[in-house]
Amino acid sequence: MLGVDLGTSHTVAMLRHPDGRTRPLLFDGQPLMPSAVYLDTSGRLHVGADALRLGHADPARLEPNPKRHVDDGTVLLGSDQGIPVADLLAALLGAVAREAVATTGFLPPAILTFPAAWGPPRRAVLSEALGRAGWPASTRLVPEPVAAARYFAEVLRRPVPTGSSLAVFDFGGGTLDVAVVHADKPGIFSVTASGGADDLGGLDIDAALVEHLGKSLAGGEPAAWQRLTEPTTLAEWRARRRFWDDVRGAKEMLSRSSFAPVPVPGVEHAVHLTRDELEAAADPLVRRGVSETAAVIAAAGLKPADLAGLFLVGGSSRIPLVARLLHSELGIAPTVLEQPELPVAEGAIIAAAQANSAPAQASPAPAPAKFATGVATSATPTPTSATRHDSPPPITDTRAEAAAPTSAPPVSGPPVSGPPLPRPVSGPPTQAAPPEEETDERLRAAPVDPWATGEVAAMPTTADPILGPSSPAPTTPPYPGSPAPPYPGSPATGHPQYAGWPGTAPAQPRTPPGGGPVSATKPEAPARTTGRRRRAYVFIASALTVVLAAGAALAWVFWPDYRALDYHPLSEPRRITPVVPVTSDWSDAEIYRDRAYFASSDADSNGLAGVVAIGLNGTEPIWTSREAGTATRWKSMVPLPVGVALFTDLDSANDYRRRMVVLGADHGNLLWQRTLDQDDEVFFAGDSAVIADRPGKRLIGVKLTDGTERWSQPDPTSTLSTATKVLLATTPKDLGGPATVFGRAFEPDLSDDPRVVQIAADKSARVIDANTGKILTSRQNVAEPKDEVVAHNGRLIVLQPDDQRILSYRLDKLGEPKVVYTTQAADSQMKDVTPCGDDRVCFDEEISYDAKTTTVVALDVAAEDDTVVWRYKLANVSTIVPVGEAVLVTTTVPETTLIDGTGKRVWTHTGEAARLDGGNLLEFSKALSLSPSDPALTGRHLGDAAVPLGSLSDIRSDTCAWSTSMLACAAEKDFVLQQFAG
Numbered sequence: 001m002l003g004v005d006l007g008t009s010h011t012v013a014m015l016r017h018p019d020g021r022t023r024p025l026l027f028d029g030q031p032l033m034p035s036a037v038y039l040d041t042s043g044r045l046h047v048g049a050d051a052l053r054l055g056h057a058d059p060a061r062l063e064p065n066p067k068r069h070v071d072d073g074t075v076l077l078g079s080d081q082g083i084p085v086a087d088l089l090a091a092l093l094g095a096v097a098r099e100a101v102a103t104t105g106f107l108p109p110a111i112l113t114f115p116a117a118w119g120p121p122r123r124a125v126l127s128e129a130l131g132r133a134g135w136p137a138s139t140r141l142v143p144e145p146v147a148a149a150r151y152f153a154e155v156l157r158r159p160v161p162t163g164s165s166l167a168v169f170d171f172g173g174g175t176l177d178v179a180v181v182h183a184d185k186p187g188i189f190s191v192t193a194s195g196g197a198d199d200l201g202g203l204d205i206d207a208a209l210v211e212h213l214g215k216s217l218a219g220g221e222p223a224a225w226q227r228l229t230e231p232t233t234l235a236e237w238r239a240r241r242r243f244w245d246d247v248r249g250a251k252e253m254l255s256r257s258s259f260a261p262v263p264v265p266g267v268e269h270a271v272h273l274t275r276d277e278l279e280a281a282a283d284p285l286v287r288r289g290v291s292e293t294a295a296v297i298a299a300a301g302l303k304p305a306d307l308a309g310l311f312l313v314g315g316s317s318r319i320p321l322v323a324r325l326l327h328s329e330l331g332i333a334p335t336v337l338e339q340p341e342l343p344v345a346e347g348a349i350i351a352a353a354q355a356n357s358a359p360a361q362a363s364p365a366p367a368p369a370k371f372a373t374g375v376a377t378s379a380t381p382t383p384t385s386a387t388r389h390d391s392p393p394p395i396t397d398t399r400a401e402a403a404a405p406t407s408a409p410p411v412s413g414p415p416v417s418g419p420p421l422p423r424p425v426s427g428p429p430t431q432a433a434p435p436e437e438e439t440d441e442r443l444r445a446a447p448v449d450p451w452a453t454g455e456v457a458a459m460p461t462t463a464d465p466i467l468g469p470s471s472p473a474p475t476t477p478p479y480p481g482s483p484a485p486p487y488p489g490s491p492a493t494g495h496p497q498y499a500g501w502p503g504t505a506p507a508q509p510r511t512p513p514g515g516g517p518v519s520a521t522k523p524e525a526p527a528r529t530t531g532r533r534r535r536a537y538v539f540i541a542s543a544l545t546v547v548l549a550a551g552a553a554l555a556w557v558f559w560p561d562y563r564a565l566d567y568h569p570l571s572e573p574r575r576i577t578p579v580v581p582v583t584s585d586w587s588d589a590e591i592y593r594d595r596a597y598f599a600s601s602d603a604d605s606n607g608l609a610g611v612v613a614i615g616l617n618g619t620e621p622i623w624t625s626r627e628a629g630t631a632t633r634w635k636s637m638v639p640l641p642v643g644v645a646l647f648t649d650l651d652s653a654n655d656y657r658r659r660m661v662v663l664g665a666d667h668g669n670l671l672w673q674r675t676l677d678q679d680d681e682v683f684f685a686g687d688s689a690v691i692a693d694r695p696g697k698r699l700i701g702v703k704l705t706d707g708t709e710r711w712s713q714p715d716p717t718s719t720l721s722t723a724t725k726v727l728l729a730t731t732p733k734d735l736g737g738p739a740t741v742f743g744r745a746f747e748p749d750l751s752d753d754p755r756v757v758q759i760a761a762d763k764s765a766r767v768i769d770a771n772t773g774k775i776l777t778s779r780q781n782v783a784e785p786k787d788e789v790v791a792h793n794g795r796l797i798v799l800q801p802d803d804q805r806i807l808s809y810r811l812d813k814l815g816e817p818k819v820v821y822t823t824q825a826a827d828s829q830m831k832d833v834t835p836c837g838d839d840r841v842c843f844d845e846e847i848s849y850d851a852k853t854t855t856v857v858a859l860d861v862a863a864e865d866d867t868v869v870w871r872y873k874l875a876n877v878s879t880i881v882p883v884g885e886a887v888l889v890t891t892t893v894p895e896t897t898l899i900d901g902t903g904k905r906v907w908t909h910t911g912e913a914a915r916l917d918g919g920n921l922l923e924f925s926k927a928l929s930l931s932p933s934d935p936a937l938t939g940r941h942l943g944d945a946a947v948p949l950g951s952l953s954d955i956r957s958d959t960c961a962w963s964t965s966m967l968a969c970a971a972e973k974d975f976v977l978q979q980f981a982g
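In UniProt numbering, the protein residues as written are 1 to 982.
Since the hints were derived computationally from the structure, they do not count as laboratory data. Check the hints yourself; a few may be wrong.
[Claimed, not checked] Cross-link-like lysine-lysine pairs, in silico, BS3-like; alpha carbons within 27 Å at most: (1) K813 - K774; (2) K763 - K774; (3) K786 - K697; (4) K774 - K697.
[As the list claims (entries may be wrong)] Simulated restraints, written as ranges between beta carbons of each label pair: (5) D28 - P263: 15 to 25 Å; (6) H667 - P695: 31 to 41 Å; (7) P121 - R871: 43 to 53 Å; (8) G119 - D604: 35 to 45 Å; (9) Q30 - A197: 26 to 36 Å; (10) E268 - D199: 29 to 39 Å; (11) A826 - V868: 17 to 27 Å; (12) P263 - G73: 34 to 44 Å; (13) A825 - P695: 35 to 45 Å; (14) Q30 - K185: 34 to 44 Å.
These numbers come from a predicted model, not from an experiment. All C-beta atoms, glycine included, are put in the ideal place defined by N, C-alpha and C.
Given these sequences and hints, build the entire structure.
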């Protein structure tokens with residue numbers, strides 16, 4: 001999923017992978033793309049850094065801030081060229097789409113943010129730009145403050161209780177937008193008041209600084225100052241723009257230091273600007289922003305003290321004076337990040353995925369653009385119609401039903417620079433057509449919540465759960481602004497099967513399960529019955545026994561290796577006292593073999609991490625430990641045979657490095673620790689931690705027991721790039737144990753296949769023994785680091801995107817590959833390759849980047865000829881998780897569908913489901929959340945009815961780990977262990 005914040009000065013796009021990893025798209029290597037557009041003499045529109053570079057040659061053809069002209073209709077570029085503002089915005093959106101396609105191979109479902117104060121006319125311009133850029137009509141729009149609120153609550157984990165309000169202060173390059181956002185219910189926010197100033201932003205502070213410098217330059221260097229203020233030649237215009245750029249750079253530097261030099265064109269020596277001078281020049285502007293904030297808070301009927309928080313976003317928010325004045329004037333301490341430009345784009349993903357924000361509705365096709373935003377080639381797709389948002393009041397992050405995309409006439413005219421934009425993937429406008437199989441009637445009835453009403457006490461234990469809708473609350477913990485994978489150890493591939501060893505960020509959230517009502521009443525038996533009636537009851541009972549036995553036999557046929565677990569109601573919580581208080585800062589739980597590990601960190605304890613180890617059947621901790629030390633922010637925990645590893649988040653004060661700490665299993669003592677670079681990745685295989693050392697351009701193996709380096713292999717050299725991909729070899733056993741809702745195994749066997757595979761930029765592949773570092777085999781021309789590759793059960797499966805075919809290599813030799821599948825249509829695309837059995841891989845295939853055409857396919861890679869085992873048509877596929885030879889497929893609608901090993905749909909519902917083993921599932925009634933919640937649980941043997949287990953109480957469900965019988969979670973203030981089977 002793609003979140004886009006089209007800002008006045010910069011555009012940010014955050015990409016969320018199906019396994020929950022979130023990272024920004026990079027434009028020229030940077031997460032921020034200047035929102036600048038340049039019109040060249042041939043009529044082509046250039047954007048971003050290219051536009052700024054071209055603008056130095058001819059400034060009259062450059063518009064650095066097109067969003068500021070949203071009310072003007074057109075912008076004059078060049079001598080007499082009036083360019084529609086919608087075309088300028090569409091050029092920027094087209095650049096984002098091309099970068100997304102280059103990164104992922106397709107255009108993901110997207111969410112675009114807009115200022116809360118924008119009414120229908122302004123949003124119509126944005127909708128027109130979406131249509132002209134060729135984005136689908138299902139592209140969703142989310143108010144910027146709602147997106148920021150979701151980031152504040154879910155990523156930063158700051159408490160915003162239901163009924164409370166959060167103020168969002170968005171101080172960008174060109175505008176100030178202030179809003180008060182109300183928490184209607186967990187995960188649902190609405191804007192209750194908004195305001196700000198369209199003429200107040202970082203650009204205005206730049207202008208104030210230029211004016212301040214001009215007071216001295218006008219007297220000391222009058223000629224140079226006149227050339228800067230009244231340029232007459234192109235050279236003088238270029239000098240003026242460079243000077244303004246240098247002033248802006250000095251302003252940004254003064255956020256970190258006390259003074260900064262400013263070169264002045266035509267002057268020998270640079271002038272020095274101090275932070276005091278910056279604050280003196282900016283003070284009136286910032287105070288105006290503070291006044292606007294107070295007015296918006298008052299318009300919401302609140303006082304500053306009533307707020308749950310004040311969140312600062314936008315690049316200009318990092319000026320220290322901003323937070324200081326807001327704090328002193330309003331009496332509430334604001335929250336501001338190192339890179340405040342990024343939270344809105346990332347929060348948009350959370351808000352849209354969580355609450356399915358209202359999509360931009362299809363509208364009549366816009367008039368053909370004089371300056372097209374596509375590339376004028378035969379490969380240019382036909383754009384969809386323009387998209388429009390619903391009427392503004394009320395602005396919330398709930399979504400209406402999406403309108404189906406409609407086609408629009410091709411846009412004619414000069415193209416934007418850049419490669420052709422593939423046709424975007426449609427978002428989730430409507431629910432996929434129901435499959436042909438008959439649906440259980442119980443799934444069609446109106447959902448209710450028996451756990452809330454107490455009706456569960458009367459439910460038969462074999463009935464499907466009756467789980468009511470709730471407000472999901474997903475989270476995305478990755479560090480804001482990190483261009484690297486957001487958690488240590490995440491492999492380069494985005495596939496959930498291999499993702500998240502040292503902590504997986506939640507995947508895009510889903511709405512809760514629903515089921516049909518089951519009669520909880522029994523007819524009262526008469527006091528006496530005749531012998532005939534008793535015999536009739538005996539006959540009926542016998543017949544019922546036969547039917548049930550037949551059903552059990554059928555389930556045994558489909559899942560012979562995994563019998564139904566002995567599910568029973570949740571046991572009373574066994575409460576474990578934390579070493580460090582459990583708060584919203586960070587907590588985690590893991591189960592490994594016969595014990596559970598719990599960890600927590602609290603800002604009030606200076607970021608100290610406390611860990612507790614306890615036996616699954618124990619009543620007292622085995623040990624407690626504080627030896628992990630402190631960190632600005634902790635990220636994740638991973639259980640290991642030798643103990644437990646903890647990872648910190650990226651530390652902006654330490655060049656975005658992070659720390660890995662390993663505590664011993666026996667006593668919780670510090671075994672070893674290591675500093676990781678922001679791009680380093682960690683994989684656990686055999687008795688080693690394999691580290692992709694990006695700065696060192698090497699792969700190293702360290703001993704799990706003491707962290708000593710046991711081997712090192714330099715990365716293959718390439719003139720193309722230094723990028724590499726590393727992946728672990730998995731076995732069928734890894735698909736048959738407990739796993740997260742995204743498919744990450746809780747307890748993989750590290751020793752059953754201790755091999756790792758490295759894919760280099762020169763397309764070579766090599767298989768390395770993780771214990772010794774020995775290169776077992778290698779081969780050239782296998783895959784690129786960006787390609788989808790799976791190493792499973794002795795095979796290397798490669799999806800070749802150029803030829804759209806799947807190849808299979810023997811992992812022990814990497815000899816000649818076997819072509820196991822080729823797409824049937826020239827315009828087909830494949831993705832999400834996942835092992836789904838001993839010799840099976842599953843993937844989804846779609847046509848022309850249209851997610852509504854998706855088909856899930858299972859292949860038998862060991863078969864000699866016909867490798868296709870089954871196909872199942874299912875639109876908008878997002879994630880595939882194996883359950884033995886069955887698969888759980890989640891969609892962007894969102895829904896979860898269980899498809900058995902023969903390709904038949906078993907059930908479809910809208911809840912979270914996770915693998916317990918190859919034949920059993922654990923289902924949650926609510927999306928997993930880091931905030932305390934009360935989800936209902938059910939256990940299900942594949943092919944059988946679900947068994948209600950009961951409801952959790954004040955559990956941070958996103959921290960939970962499970963075995964086939966036990967559940968370990970962080971609660972509101974402590975940790976709990978509960979048994980649900982066995």
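Here's how the hints hold up against the structure:
1. K813 - K774: holds, 14 Å
2. K763 - K774: holds, 20 Å
3. K786 - K697: holds, 17 Å
4. K774 - K697: Judged against 27 Å, a Cα distance of about 17 Å means the pair holds.
5. D28 - P263: 15 to 25 Å: holds, 23 Å
6. H667 - P695: 31 to 41 Å: At 34 Å between Cβs, range holds.
7. P121 - R871: 43 to 53 Å: Holds: the Cβ-Cβ distance is about 47 Å, inside 43 to 53 Å.
8. G119 - D604: 35 to 45 Å: holds, 43 Å
9. Q30 - A197: 26 to 36 Å: holds, 28 Å
10. E268 - D199: 29 to 39 Å: holds, 36 Å
11. A826 - V868: 17 to 27 Å: holds, 19 Å
12. P263 - G73: 34 to 44 Å: holds, 37 Å
13. A825 - P695: 35 to 45 Å: holds, 44 Å
14. Q30 - K185: 34 to 44 Å: holds, 38 Å
The structure agrees with every numbered hint stated previously.
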